[in-house]
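S.K.: Once you have looked at the hints, place chains B and C on chain A.
Chains as they are written, first to last, in the numbering used here: chain A, 3 to 449; chain B, 113 to 384; chain C, 13 to 318.
In case anyone wonders, no lab produced these hints; they're calculated from the structure.
Here a beta-carbon is modelled for each residue, glycine too, at the ideal position from N, C-alpha and C.
Treat the hints with care, since some could be wrong.
[Unchecked claim] With a straight-line cut-off of 25 Å between C-alpha atoms, the simulated SDA-like cross-links for lysine to any residue are: (1) 291(A) / 226(C); (2) 428(A) / 69(C); (3) 80(A) / 139(A); (4) 444(A) / 69(C); (5) 166(B) / 306(A); (6) 185(A) / 64(A); (7) 179(B) / 106(A); (8) 139(A) / 167(A); (9) 444(A) / 175(C).
[Stated by the list, open to error] The following residues of chain C were derived to be distant from chain B, with all beta-carbon distances above 12 Å: (10) 46; (11) 80; (12) 81; (13) 85; (14) 92; (15) 144; (16) 221; (17) 231.
[What the hints assert, rightly or not] Residues of chain B clear of chain C, computed beta-carbon distances all greater than 12 Å: (18) 163; (19) 203; (20) 283; (21) 300.
Chain by chain, the residues:
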Amino acid sequence: MKAKSVLAAVLALSALAGCGGAPGGGDEDKAAATPSATAEAKPDISKAGNVTLRVWDQNVRGGQNAEIEELNKQFQAKYPNVTIERTKKSFEDLLKTVKLAASGDDAPDVIQVNQGRGTMGEIVKAGLLRPVDDYAKVYDWESRYSSTLLDLNRFSSDGAEFGSGELYGLSQMGEIVGVFYNKDKVTTPPTTLTEFEASLQQAKDAGDTPIMFGNLEKWPGIHNFESVLGQTADKQAIRDFVFAREGASFDNPEFQAGATKIKEWVDKGYFNKDFNGTDYDPAWQSFAKGDSWYLIAGTWVTADLAEQMGDKVGFMLMPGQDPNAPVSLGGEDLPFTISSASKVPDVAAAYIDFLTDANAAKVLVDTNNLPAMKGAPTPSTGVSVEVAQAWQKLNDADGVIPYLDYTTPTFYDDISSAIQELLAGKQSPTEFTAGVQEAYDKWAESR
Amino acid sequence: MTSRAEQTLGYVILGVFSLIALLPIVGILFTALQDPDGVAAFGSLNGLHFENFKTAWEDGNFGSYLKSSIIVSVSVVFFATLFSILAGYAFGLMRFRGSTVLFYLFLLGLMVPTEAIIVPLYYDLRDLNLTNTYWALILPQIATSVAFGTYWMRTYFRTVPRSLVEAARLDGASTWFTLWRVLLPLARPAVLTMTVLLFMWTWNEFLLALVMVSDESLRTAPLGLSFFQGRNTSELSLMAAASVIVALPVVILYIFLQRHFIRGMLAGAVKG
Amino acid sequence: MAVAAPLEAASREGSPGERPPGEPRLVGYLYLLPAFVVFAGFVLYPLYRAAYISLWDWDGLTAGTWAGFDNYAEVFTDEDLRAAFVHALILLLFYAVLPLLIGLALAGVMARARVRGLAFFRAVLFLPQVVAMVVVALMWKMIYQPTDGALNRFLGWFGIEGRSWLGDFNLALPSVGLVGTYVYFGLAMVLLTAGVQKIPTSLYDAARVDGAGPFREFLAVTLPGLRGEIAVALTLTTIYALRNFDLVYITTSGGPGNATSVPAFQVFSRAFESGQVGSAAAVGITLTVIIFIISLGINRIAERST
Chain A
3 MKAKSVLAAV LALSALAGCG GAPGGGDEDK AAATPSATAE AKPDISKAGN
53 VTLRVWDQNV RGGQNAEIEE LNKQFQAKYP NVTIERTKKS FEDLLKTVKL
103 AASGDDAPDV IQVNQGRGTM GEIVKAGLLR PVDDYAKVYD WESRYSSTLL
153 DLNRFSSDGA EFGSGELYGL SQMGEIVGVF YNKDKVTTPP TTLTEFEASL
203 QQAKDAGDTP IMFGNLEKWP GIHNFESVLG QTADKQAIRD FVFAREGASF
253 DNPEFQAGAT KIKEWVDKGY FNKDFNGTDY DPAWQSFAKG DSWYLIAGTW
303 VTADLAEQMG DKVGFMLMPG QDPNAPVSLG GEDLPFTISS ASKVPDVAAA
353 YIDFLTDANA AKVLVDTNNL PAMKGAPTPS TGVSVEVAQA WQKLNDADGV
403 IPYLDYTTPT FYDDISSAIQ ELLAGKQSPT EFTAGVQEAY DKWAESR
Chain B
113 MTSRAEQTLG YVILGVFSLI ALLPIVGILF TALQDPDGVA AFGSLNGLHF
163 ENFKTAWEDG NFGSYLKSSI IVSVSVVFFA TLFSILAGYA FGLMRFRGST
213 VLFYLFLLGL MVPTEAIIVP LYYDLRDLNL TNTYWALILP QIATSVAFGT
263 YWMRTYFRTV PRSLVEAARL DGASTWFTLW RVLLPLARPA VLTMTVLLFM
313 WTWNEFLLAL VMVSDESLRT APLGLSFFQG RNTSELSLMA AASVIVALPV
363 VILYIFLQRH FIRGMLAGAV KG
Chain C
13 MAVAAPLEAA SREGSPGERP PGEPRLVGYL YLLPAFVVFA GFVLYPLYRA
63 AYISLWDWDG LTAGTWAGFD NYAEVFTDED LRAAFVHALI LLLFYAVLPL
113 LIGLALAGVM ARARVRGLAF FRAVLFLPQV VAMVVVALMW KMIYQPTDGA
163 LNRFLGWFGI EGRSWLGDFN LALPSVGLVG TYVYFGLAMV LLTAGVQKIP
213 TSLYDAARVD GAGPFREFLA VTLPGLRGEI AVALTLTTIY ALRNFDLVYI
263 TTSGGPGNAT SVPAFQVFSR AFESGQVGSA AAVGITLTVI IFIISLGINR
313 IAERST
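Looking at chain A on its own, in the form it has when it is part of the complex (with noise of 0.2 Å):
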């Protein structure tokens, strides 16, 4: 009898809702958003009247957030009738909160957005964002940097085309995933792969520990595994399966071959034994301190670690089959993007292009960071001259291969999962390359 009335009151309480349409049926003329107005001249900013700019980003780490910080300071000071209201999280944070923020109406105007299908993709097809071309033609944005690194940021309206169609932001620093070395340790860097795991098997027979990592969060793992890869599989080969291009696989020999090097690598103890349990900036910052002679890690480190070793720290791209032709995983980092939802497009912009000018590039080199854009000044001292060095060389050889989890909506979590149990042996690498292919076709199925 209980039962049956607790029935009753759920069944009359649904009759009483109603039925209704699909959801987000309603929703679809905010889809495909355009900008409202379309810009033709350089906005006066300091006409806009007092405006308050909310941002988003994720420079929490010592180099990046003292370069946000001046380049917002300036800003204000050049426009003093703009406040900055600056909220940063971590990567992995904002990429938890990203979506829920770009949504709605009182969305932050510019967010620093992943590139590929998982955030960006996802964001753009929503119509959350507001595409930048015409601001990118009023402040000639397109001469600032390589079009590899513009493409990065495209995306076709319909959230479907990544790397080609309309220009959703522009990134400011230049990354590269590459090695770090403590220089009392290692004397001669290594150039090519089997020098390179020599040394490893020299450190790991002095009793050190060759690299320091920490994937807790999971992505790292992402950035060491393809920083292998890219020495083992043609970097086209990757290029065309993150964009997905067509006849482009996962479940190959030369991923395989990927898989099982760096699966070798932890079997012969050439990373701290709790890699998986271990954060990242406690990891670099281990390294800071010499417990270990390797890391591989991005350069947005680069400032962190000048700091903490001086002159002791090194950087080198990931050794490979020929010196002369380096692979490196890298690109650019997040893009500040509009969103759509912003009413203040116009200083959104004018924010856009001060992070990203002549000016901010010499802030960038100042707080040894890398700036993405051309013709920016080199640096003079420190580690940051030998990632300015990589930078070039890497450029000019086409070397730069894309971070494997642009791919898919999922693969974010898809292949961090994956590498995880790779490098604690819970799948073989066959398996590893299988599941991570089999993810992938569900979604270039469901396409």
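M.R.: Just chains B and C, lined up with the frame of chain A:
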């Protein structure tokens, strides 16, 4: 004799588990006081650096987070308490058609996890332009709190001697007067316990605050702490100091009212 | 967030429909109105909406397509989802069963010996529940740190090699579970010690006259006497275990691999990260049904053994 040995055993069990309960909390206090530039390790004490709290407070924007938490918690507790008293009174001391079914609905609400309703709550409140407002945190939490509170107050009103209510009625008192002037003064312990529990749950709420609010100025303390730790994973002493800041208001309340709190918990759970 | 004891307590008290004193009063509806409006608007209606959304394949952004019960089928066929529910059930051991055993051990001892200063111990044992889960999670993340976390240093004193508690596929779930044990053993202990003090001493005297030893006494008197408290403790901790979100979100984000992924976490990541909103709603509804069944089950058993 055996009883002496058993008494000792009782103390040992209680002592050991009390220690387990306390150690991590003491550990985080010690960590919060560590030298921020020293070698940080959880639980060791190497000085009394109270400035960590200041640094965390300023870097982490905790003033604003605590303000949001207070606004949300106080509103939720106030309205949920008021509504629960009224509804509990009706269920406890009045007869009307359908009261059983309605009461079962409230009981059902006790078992519905936030995870089950978070999806529609988010999308529907967004369509009403209520996400990114305090309302998005306050209204759903009043609703979940009212499910518990109504049950709680009904239980209390059922224990009220009938003669009291009858006497009031014979004196010609209205139901409203009877509630506020006759019954409620006696209900103070029950109400106090309920408010303490509701305050604790609201203050510590995480998922709703994560999903509903992305505006920095509306963010509540637990969320603020979560993002703060994301940015400072390697600054142990700062993270610990921030944790203490977030936990402290409820812990202080608990220390002052722990007797009510525990009695309430036991009464609510056992007496029924 | 709310407490589940009421369900159990209510059923024990007799029917909640038992007649309240006084004459029928229509004014009752008025008193009920504010609570019911908020409750219906922000719990019942969303619950209905969740059930509705769960029948659609929807990315949260564009119009959805009808999916029928596909999302529910997926709960059983999708490996990640199935794993998440299995993990939740394993966590039950740590959140509910382990605290209960600890509480029972103490209650067994206390049945035979008076302990003074119980109020103080209660206050301390309850403390972990009062501290925000986010803080507890951070605390334990620091304790579990592989390099210089407190646990590994502690083990080091005994020459035991440290582990990567949250990074090891086999250890991560138990490690997260033990945090749950940490939070809830106090609840079980306090509930059961209070219960054991209410058992009439005459029952123990009778048992002793029959020559019962401590163990038989426990089985014959203490355990049946605590039936109600056991049911409450189990119901409460079960619900906490199944809606475990913040702890996993902060400590492991479901990793390594998917080793600590739980339904609550899947709801969040599907609904707000990977755009599988219909599936997220289905997981949430399934979770509610499971909580419902387990709570009813526990209380049925408690009643039957009367």
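S.K.: Evaluate each hint against the coordinates.
M.R.: Evaluation of the provided hints:
no.	hint	result
1	291(A) / 226(C)	violated (58 Å)
2	428(A) / 69(C)	violated (32 Å)
3	80(A) / 139(A)	holds (23 Å)
4	444(A) / 69(C)	holds (15 Å)
5	166(B) / 306(A)	holds (24 Å)
6	185(A) / 64(A)	holds (22 Å)
7	179(B) / 106(A)	holds (24 Å)
8	139(A) / 167(A)	holds (15 Å)
9	444(A) / 175(C)	violated (36 Å)
10	46	violated (5 Å)
11	80	holds (18 Å)
12	81	holds (17 Å)
13	85	holds (19 Å)
14	92	holds (16 Å)
15	144	violated (4 Å)
16	221	holds (16 Å)
17	231	holds (17 Å)
18	163	holds (20 Å)
19	203	violated (7 Å)
20	283	holds (15 Å)
21	300	holds (20 Å)
Hint compliance for this structure: hints 1, 2, 9, 10, 15 and 19 are not met, and every other hint is.
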